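*Asks:* Each chain, letter by letter, is given below.
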Amino acid sequence: MDLNTFIQKRRPQWKRLEELLIAVDSRGLRGLSVVEARQFAQLYRDVSSDLVRARSLTANPELLEYINDLVARTYGHIYAPRRFSLASIFWFFVRDYPRLVRREFVAIALAAGIFFGGAAFGAGAMLLDPSAGAYLLPKQHLHLDPSERVKQLEGQMEKGEEMTADQQAYFSAYLFTHNIQVTFLAFVLGLTFSVGTLIVLFYNGLMIGALAVNYHADGVGLFFWAWILPHGVPELTSIFIAGGAGLILGRALWQPGRRSRAAALKLHAGRAVKLILGTAPVLVVAGLIEGSISQMHAPVMPYGVKLAFAGVMAVCLAVYFGLVGRTGPGGGAPGASSTGRGATSAGSGGSGGSEG
Amino acid sequence: MQERYRIVTPENVAFEYELAGFFSRFVAWLLDVLLIVMLTVVISMAIGMISPFLGQFASALTAVSFFVVNWGYFVLLEWWLGGQSIGKKAVGLRVLSDDGVRITLLQSAVRNLFRLLDNLPLFYLLGGAVAFFSRDGKRLGDMAAGTVVVRERQRPVPDAIVPPKERYNSFIEDRDVIKRVQGRLGLEERELLLTLALRREQVPLGQRLRLFEDLASHLEQRLRVARPTHFSHEKFCLNIAAVLLQGTELPSRGKRRGRL
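Protein sequences appear in the order of chains A and B. Residue 93 in our numbering is what sits at position 89 of the first sequence, and the numbering runs on without skipping anything. Residue 228 in our numbering is what sits at position 216 of the second sequence, and the numbering runs on without skipping anything.
Note that these hints are calculated values from the structure, not bench results. These numbers were taken from a predicted model, which means no experiment stands behind them. Positions of the beta carbon are idealized from the N, C-alpha and C atoms, including for glycine. Hints may be right or wrong, so weigh each one.
What follows is a set of in silico ranges between Cβ atoms, one per label pair, in the way DEER data are often shown [unchecked claim]:
#	chain 1	residue 1	chain 2	residue 2	range
1	A	His147	B	Gly104	54 to 64 Å
2	B	Leu51	A	Thr9	48 to 58 Å
3	B	Asn24	A	Val38	46 to 56 Å
Pulled out of the complex, with its shape left as it was, chain A reads as follows (with noise of 0.2 Å):
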C-alpha cells in the first residue's frame, strides 16, 4: 500500500479516535458508552499498528508525530492504574496500615532503637558533665533551671492562667503540621542512604535524653515524665515509623540486591510512603494532646493521671499496630505485599469501561 492510499484509508480512523480523546480527556473513561468504550479499545490497537505502518512507509515528521501522539495520548487512558476509592483510604487505617507496620517491624525497631541510643549517650553525656548541657538541650531551656520552670508553670496554673482554646487549638495546629512536616524528612533523608535519617533519629534522641537528666537532677523528674509522655508516646510512635520508612529507602540504596539503585529504589519507595502517610492521623491526635493536655500541670492536672493518660495511648497504640488487621483476607501471610499498581491490563481497572 503506498502512503496516500494509506492515508487515505485511515484518516477517518484517526480522526474519530481524536474525537473520543476529547471526550475521554474530559470526562474519562466513564463518558463513554458501552459501544464508544468498544470502539476505543479497538481504535486504539489499529492506531497503534498503523504507527508501525507508517515509520516504513514515510519518514514525514509530522505525519509520524501525530499518529504517535495519538498512541500517546491513547494509551495513557487504556492502561489506566487501578482506580482509587474511598472505601480503599478505609481498609488502608483499618487493615493494611497495621499490617504494613507489622511487615516492617525490624526497620522501626532499628530507628527506635537508633533514637534510643542518641537519648542514652545524651543522658550519659549529662551525668558525667552537667556541663555538657550548653550543647545537648535545646536554647530555650538553656536560660532557667527545670525546677524553676516548674515553679513558674505551676504558679501559672494556680492563678488561672492557662492557655485559652483559641491558644491551644492554634498551637496542637502548629504542632502536628510541623511534625507531620518533620517525618516528610525523615522520610526523604533516606535519600542519603539513611545517614540524614540517622542523624535525625539520633539528634532527637540526644535531646531527649539530656532534658530528662537535666530535670531528673534538678529534682522534677515527675513533671518531666508527665509533660512530655502524654504527647511523647503516640508522637515517637509515628518518629519511629518515619525513620524506619527512611531506613528503608537507605537499604535499597545499599543494597540493590541484582535491580539497579534507581529500580529498587522505585520498588520500595511506595511502601515507604505509605509509612508515612499513615502516621499523620497519629500526629494529629499527638499535636492536639500536646496543645491541651501536655500544657495543663498540676494542681489543675495531677501528674498521675497525666502519666495514666500516656499509658492508655501507648495500649490503644500498641492494640492498633499490634491486633488490627489480623483476620480477614490475607491476615495471616506476612510478606504478601501489595503492589502501589493494580493489574496494568486493558482488562482491568480504569479501562474496564472498554470491557463494557
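Assemble chain B onto chain A, guided by the hints.
*Replies:* Coordinates of chain B only, in the frame set by chain A:
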C-alpha cells in the same frame, strides 16, 4: 540528557514522548506557586470573614488549611488531574509513570514529598542539578516515584496529510503544470518546497510570509506558471507542493504513488 522518552507498549509498539525542558518546568512551578499563594490569601480572607462564627479556632484553622494547601495542592492535583498540576496543564506538561501510564496517588505523594530535598538550597537547585545529569531529566522525587515529566502538545492534523484532492487546486488536473513541476524542479528545490510546506506552522509569521514570497516568485520564474492573483504566495506554493506530492505519474493514468 536525551530529549525523547521512549515507551514500548505491551503490543510491542514503541512510541515517544518529548521530555519537558527545564524552563517550561520552572514556569509551570512558578504558576503553581503563584496559585498556592493566591489560594492561601483567599482562604485566610474567607476565614477572616467567618471568624465571628468560628470563635476561638480561626487561627488554628488557618494554620491547618495553609498546611493542607501547601502539601495537598501538588499531591492531590497531580494525581487527580492525571499528572498535571494547574501550572503544568497551562504549560502543557504531564507527569507520567515510567511505563507511560497515569501516576498513582502514591507516586504523586512520593515525588511531591521529595520537593523538600529537591528544593534545597533554594529554587530547586539540587533537583535541577540532578535532573541535568540524569538521563530522562528526573529530579530526586521523579527517581524515587518512578515518574517522568513530558511535554504534551495537542498537534493539529498536519495539513500535509490532507490528501491533495480534498483541497481546491486546479494545478492538480493541469497536465502542463504537472509536467513542468515534475521535469524542471531539481532535488534541492523539491526538498526546500516540501520542508517549508511541512514546517510552515513552526516558522514565525514574518519569516513565513517572506519565505513563501521568495519561494513563490522563484517558482513562478522556474516553472513559468503565473500565480493566480487571488492566491496568496503561500497558497500558490502549497498547490505546487501538492502537485509534486501526488506522484510521478500523470493523473489520467489513474494510479497515484505518493512520496510524502
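*Asks:* Of the hints stated earlier, which fail here?
*Replies:* 3
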